[in-house]
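Protein sequence lines, in the order shown, are assigned to chains A and B.
Each residue of the first sequence is one higher than the last, beginning at 1 in my numbering.
Each residue of the second sequence is one higher than the last, beginning at 1001 in my numbering.
Quick caveat, the hints were computed from the structure, so don't treat them as lab data.
The beta-carbon is built from N, C-alpha and C at its ideal position, and this holds for glycine as well.
It is possible that some hints are incorrect.
Unchecked claim - Derived pair list, reagent style DSSO-like, types lysine-lysine, alpha-carbon separation capped at 27 Å:
1) 1047/B <-> 1095/B
2) 223/A <-> 1111/B
3) 1133/B <-> 1210/B
4) 1047/B <-> 1083/B
5) 1117/B <-> 1133/B
6) 223/A <-> 1156/B
7) 1117/B <-> 1154/B
8) 1158/B <-> 1133/B
9) 223/A <-> 1158/B
10) 1111/B <-> 1095/B
11) 1210/B <-> 1154/B
12) 1210/B <-> 1111/B
13) 223/A <-> 1133/B
14) 223/A <-> 1083/B
15) 1263/B <-> 1047/B
16) 1210/B <-> 223/A
17) 1210/B <-> 1047/B
18) 1158/B <-> 1111/B
To be verified - Output of the computed footprint for chain B on chain A, the stretches with three or more beta carbons under 8 Å from beta carbons of chain B:
19) 207–213
20) 217–229
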Amino acid sequence: MTSLTTAQQETLIESSSKFSGVRLTDRIFYWLTVILAIGIGLVLIWITYSLLSIAIPAIASFGLGFLASSTWNPVQDVYGAFPQIYGTILSSFIALLFAIPLGVGVAIFLSENFLPRKILTPIAFTVELLAAIPSVVYGMWGIFIFIPAILPLLKWVNNAFGWVPIFSTSPSTRQLFAASLVLAIMILPTIIAISRDTMISIPPQLRQGAYGLGATRWETITKVLVPAGLSGIIGSIMLALGRALGETMALAMLVGNSNRINISWFAPASTISALIANQFGEASGLQKSALFYEALVLMLLTLAVNVLAEFIVGRFQQVE
Amino acid sequence: MTTNPSTQPNARSSMLPESDVVIQTENVSIYYGSFQAVRNVFLDIPKNRVVAFIGPSGCGKSTLLRCYNRLNDLIPGARVEGKITYQGVDLYDPKVDPVEVRRRVGMVFQKANPFPKSIYENIAFGARVNGYKGDMDELVERSLRGSALWDEVKDKLKQSGLSLSGGQQQRLCIARAIAIEPEVILMDEPCSALDPISTLRVEDLIHELKQQFTIIIVTHNMQQASRVADYTAFFNAEAGDGGSRFGYLVEYDRTENIFNSPKQQSTQDYVSGRFG
Ligand SMILES: Nc1ncnc2c1ncn2[C@@H]1O[C@H](COP(=O)(O)OP(=O)(O)O)[C@@H](O)[C@H]1O
Ligand SMILES: [Mg+2]
Chain A
1 MTSLTTAQQE
11 TLIESSSKFS
21 GVRLTDRIFY
31 WLTVILAIGI
41 GLVLIWITYS
51 LLSIAIPAIA
61 SFGLGFLASS
71 TWNPVQDVYG
81 AFPQIYGTIL
91 SSFIALLFAI
101 PLGVGVAIFL
111 SENFLPRKIL
121 TPIAFTVELL
131 AAIPSVVYGM
141 WGIFIFIPAI
151 LPLLKWVNNA
161 FGWVPIFSTS
171 PSTRQLFAAS
181 LVLAIMILPT
191 IIAISRDTMI
201 SIPPQLRQGA
211 YGLGATRWET
221 ITKVLVPAGL
231 SGIIGSIMLA
241 LGRALGETMA
251 LAMLVGNSNR
261 INISWFAPAS
271 TISALIANQF
281 GEASGLQKSA
291 LFYEALVLML
301 LTLAVNVLAE
311 FIVGRFQQVE
Chain B
1001 MTTNPSTQPN
1011 ARSSMLPESD
1021 VVIQTENVSI
1031 YYGSFQAVRN
1041 VFLDIPKNRV
1051 VAFIGPSGCG
1061 KSTLLRCYNR
1071 LNDLIPGARV
1081 EGKITYQGVD
1091 LYDPKVDPVE
1101 VRRRVGMVFQ
1111 KANPFPKSIY
1121 ENIAFGARVN
1131 GYKGDMDELV
1141 ERSLRGSALW
1151 DEVKDKLKQS
1161 GLSLSGGQQQ
1171 RLCIARAIAI
1181 EPEVILMDEP
1191 CSALDPISTL
1201 RVEDLIHELK
1211 QQFTIIIVTH
1221 NMQQASRVAD
1231 YTAFFNAEAG
1241 DGGSRFGYLV
1251 EYDRTENIFN
1261 SPKQQSTQDY
1271 VSGRFG
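Here chain A stands alone, though its shape is the one from the complex:
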């Protein structure tokens, strides 16, 4: 190392003082970010703590049996979350059943040059707009347009396949299955957008390699591209599932809020978030505590799904 002459040292020091204004904003920005990051963590802890503290009486009274009990009786102050947990998981499951094939299919269709770019861009944009519709609008649309429109079809299914337990009741105007279909539409954009980004980011060399070996487009997609993008597609599904589990407004409006478990999908049902939205207004005491217990269960459920999604998506990006 050659040492600097005094003059050079002075210019260095001078130049640093010239930029000290920039340095100061850098510092302020740094500390602002640190404070915000810590603040967000604190808010999360605070929310969890308050949920827990209010839920504790219910946890103490009902224990884990709460999760398996089907009673919700404010008069006798006995509560259980089983119908809501069942409805939450089943409605999300049905929604995924429809949204996965449709969403992944559309994502592939929008990423593999099936369409000229002029048509493609507006379609992709429209799909993303689907995500911007407020859920109360989905709820209203479900009540006034969608459910009346599909009810004849569901009646036909009930007539023809009524011997199948899940189709065994006459379709009600508020019911699990129709609500789940609306939920499917609501989570479609998540699956489409992320799966499409995944498919687009697959190196074009893989595509050329497959075609170059005499693979058809179908073989290239199903045997090379989808496996290569699988982690990203699964990640998109997990994020969509997270949204479906927590969706409140549309389900509160459409699912029928029945506190009984009915094996038929065409019957009214309930979900955790719908129950909370419907009851928190007049709840107090142990009922309120039970609602917070339900909220805690929901939070853990979505947390688990989101962590899983982060993990899978992160692993995918590593492979890239």
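Got chain A sorted already, so can you dock chain B with the ligands onto it with the hints?
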């Protein structure tokens, strides 16, 4: 000075002292949209020979190569004029199925592109999509031996193809290409990302493969062309009327003639490194 191809429109540099021609390129021009990338190429590829394409970047070597297995079909706007025949069949006849073409004309790419699957599956994939019904284990071994990779990977066939080194990946891609038993193999700068030792291995491989296959190889490496190729085609690019540069075939001859006694001054300049 370079020769202007327009002053000699019928420069049939394709004439070869070979009787068995696999691919005929007759007056082929290739466009990307309205941009003419390659102009008026006549070029015959003889069977079981190695033909090298050399020339500066952007003169359309890859573009022409991708026409021989119709991989340009994947590029929106790409268009071919003129006639390319493979074993006498017009490759761009509407009745021709490009998938079928690619089963007979395999390709190895510049950047090794193994699938994110096991070594075994990388080879089995092509065979399966081609409806191969024989013994898959045997085919995998034969292909890996054919690409001189077997000894290095025989104990880890279940490992990902991506876990191999760059040179091994490229030989895996060659194994994958020969597994579908094509008649022609196109190689687009297969060694440009490889170290010198891996490059020599691939060159040795090319020497062996030519017993069975017809090979067209694009290379920027003069020594490589002179080492592996029986024939060499020199391409160049030139500014056209509209100012955009198009590529064209300058000279096509036995490799020793191209390197020792080229007929065109621009070929002489290029092979002796006095170019541009
Ligand atoms: N996919 C493409 N779309 C548009 N132009 C392209 C495309 N690929 C290549 N070109 C153009 O065609 C010309 C020839 O390119 P290329 O065949 O890659 O040359 P080379 O392989 O000899 O370097 C270049 O001007 C290049 O910019
Ligand atoms: Mg090239």
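Quick rundown of the hints versus the structure:
{"no.": "1", "hint": "1047/B <-> 1095/B", "verdict": "holds (25 Å)"}
{"no.": "2", "hint": "223/A <-> 1111/B", "verdict": "holds (21 Å)"}
{"no.": "3", "hint": "1133/B <-> 1210/B", "verdict": "holds (26 Å)"}
{"no.": "4", "hint": "1047/B <-> 1083/B", "verdict": "holds (19 Å)"}
{"no.": "5", "hint": "1117/B <-> 1133/B", "verdict": "holds (21 Å)"}
{"no.": "6", "hint": "223/A <-> 1156/B", "verdict": "holds (22 Å)"}
{"no.": "7", "hint": "1117/B <-> 1154/B", "verdict": "holds (16 Å)"}
{"no.": "8", "hint": "1158/B <-> 1133/B", "verdict": "holds (21 Å)"}
{"no.": "9", "hint": "223/A <-> 1158/B", "verdict": "holds (17 Å)"}
{"no.": "10", "hint": "1111/B <-> 1095/B", "verdict": "violated (32 Å)"}
{"no.": "11", "hint": "1210/B <-> 1154/B", "verdict": "holds (24 Å)"}
{"no.": "12", "hint": "1210/B <-> 1111/B", "verdict": "holds (22 Å)"}
{"no.": "13", "hint": "223/A <-> 1133/B", "verdict": "holds (18 Å)"}
{"no.": "14", "hint": "223/A <-> 1083/B", "verdict": "violated (33 Å)"}
{"no.": "15", "hint": "1263/B <-> 1047/B", "verdict": "holds (25 Å)"}
{"no.": "16", "hint": "1210/B <-> 223/A", "verdict": "violated (31 Å)"}
{"no.": "17", "hint": "1210/B <-> 1047/B", "verdict": "holds (9 Å)"}
{"no.": "18", "hint": "1158/B <-> 1111/B", "verdict": "holds (22 Å)"}
{"no.": "19", "hint": "207–213", "verdict": "holds (count 7)"}
{"no.": "20", "hint": "217–229", "verdict": "holds (count 5)"}
Of the numbered hints listed earlier, those contradicted by the structure are 10, 14, 16.
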